[in-house]
Amino acid sequence: MNPAPSLAIRAESLVKNYRTDWRSHPWRALDGVSLAVPRGTVCGLIGSNGSGKTTTLKVLAGLVRADSGRCEIDGGSVAAAQAAGKVGFLSETAGWSAHLSGREFLRGLALVSGLAREPAEEAVVTALRRVGLDGAADRRLGGYSKGMRQKLGLAQAVLGDPAVVLLDEPAAGLDPRASAQLGGVIERLRARGRTVLLTSHFLPQAAEWCDRIVLLERGRVLFAGDRAAVAAAGGLDRLYLERTLG
Amino acid sequence: MNAGRMNRGWWLIQQALGEAWHLRAGRVIVFAALVVAAGASVLREFNFGAEEPRFLCDFAEGTIALFGTVLAIATGVVLVQGGLADGVAALVLVRGVRRHEWLLARWVALCVTLGWLVLPGYFLLGLLLAWHGHGFPVAALVHAGALMFLRLTVVAGFALLACVVARGLLLAAILALALTLAAQLAPVLHWAQQHASPAARVGWTMLEWLVPSFVGFESGHGLLRAAGYAMGCAAIYLAAACVIFSRREL
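Protein chains in written order, with the working numbering: chain A, 17 to 262; chain B, 18 to 267.
No lab work stands behind these hints, which were simulated from the structure alone. Every residue, glycine too, gets a C-beta built ideally from N, C-alpha and C. Each statement offered as a hint is correct.
FRET-style restraints, in silico, Cβ to Cβ:
hint : chain 1 : residue 1 : chain 2 : residue 2 : range
1    : A       : Gly66     : B       : His212    : 52 to 62 Å
2    : A       : Ser161    : B       : Phe48     : 30 to 40 Å
3    : B       : Ala102    : A       : Arg193    : 29 to 39 Å
4    : A       : Asp154    : B       : Ala102    : 20 to 30 Å
5    : B       : Leu202    : A       : Arg81     : 33 to 43 Å
6    : B       : Ala102    : A       : Asp253    : 34 to 44 Å
Just some of the chain A residues that point at chain B, by a computed CB distance under 10 Å:
hint : residue
7    : Ala77
8    : Leu79
9    : His115
10   : Leu116
11   : Leu127
12   : Ser129
13   : Ala132
Can you make the complete structure from the sequences, with help from the hints?
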């Protein structure tokens with residue numbers, strides 16, 4: 017039997033060009049991005065708007081095809097990881113079907129993931145409990161606040177206990193208490209050996225939650241290192257300002 | 018096909034049906050269509066004589082065709098473009114659901130939704146005919162309803178293709194409507210092809226091949242042949258939609 021790979025996420029030289037229409041010049045969103053995220057760690061992607069954070073997550077989630085480069089999730093292809101239920105993803109722009117309750121929405125996702133009815137129900141209950149949404153599980157999504165929707169997004173990302181969780185701006189729209197709860201959820205994911213790759217604009221949170229930081233700017237990796245490397249660079253704020261402005 | 022994939026397909030269809038059912042615009046279109054179709058009865062006082070059943074049928078069928086087309090395009094655009102825009106599609110697709118599975122489930126749900134208009138529409142037509150003393154011709158109504166349903170499944174295929182080609186609700190709706198109009202005008206294309214110069218005839222012939230014709234779905238045509246034609250057209254348009262969607266970035 018092959019040992020489990022030590023890297024949960026590996027990306028090599030990812031390049032992605034976008035074209036807004038057929039006449040426009042392509043715009044390079046990713047310009048040779050490489051990532052290596054060890055298993056059981058939390059990695060933060062930080063950078064300015066348009067630096068390529070979301071595109072990187074979408075390539076890893078299989079929603080966007082890179083023009084060149086390769087990426088692996090848990091030692092295999094992205095498609096294989098998806099088929100095996102190893103990837104959870106929270107999109108920055110996730111909308112919800114207002115007519116469903118939180119429980120129904122998650123149940124639908126669990127069932128299309130290929131879970132049978134009973135395991136699906138169990139997975140839904142566990143996911144709702146993990147994000148502290150079990151009290152509002154049967155309310156219609158149309159009546160959810162922004163913070164509750166964000167929690168539901170997190171619940172669907174951890175639904176079925178995937179090995180790799182990709183979170184795009186998970187703290188957006190959360191109040192300080194909900195944000196602290198989110199930190200707790202991420203901490204528990206790490207404690208159970210799950211790997212989290214998240215994007216954030218809020219540097220203190222990223223510094224607190226993440227074992228590793230990857231700084232992106234204009235589609236390029238300007239810095240990648242663990243907490244010690246960040247500390248050696250003078251802290252995350254300084255690192256960010258020096259590398260992106262300098 | 019294994020049981021897991023069958024179950025997944027079933028759940029995908031259920032989800033799409035739920036979305037279609039809760040689409041207020043869809044219910045308004047169905048209601049409006051039934052009201053307008055029933056309006057044929059009001060014109061009774063014009064006394065069409067022996068042509069009355071023909072008039073009733075043409076009026077009701079025209080209404081169902083018009084509103085059915087609007088329903089197919091509006092619902093199709095919301096189911097596909099809406100799902101892509103609000104990110105729900107992305108959440109489903111990262112769970113190992115293949116893109117063509119998601120798209121085909123939407124088409125099936127769209128066809129079922131069209132049944133919500135066709136079934137009561139033709140039942141209503143039967144009631145109108147009976148009320149006017151022409152009896153309730155079950156076999157003829159089933160035949161005509163099936164032809165109409167088949168025609169609308171092709172429109173649903175147009176709508177899905179338009180949704181994956183175009184970016185934006187309005188552009189998708191316009192493209193689907195243009196395809197539907199072209200199919201409606203297929204006899205004109207044929208006439209143009211017949212009367213064109215030899216050089217231009219090549220172009221018209223190609224256009225005739227690209228655009229399906231709705232002529233085969235008019236009343237009186239054979240059901241089996243129409244079903245084969247509709248399934249063939251829908252398959253071609255859905256296959257094209259699946260190929261384009263598989264390369265689309267979300």
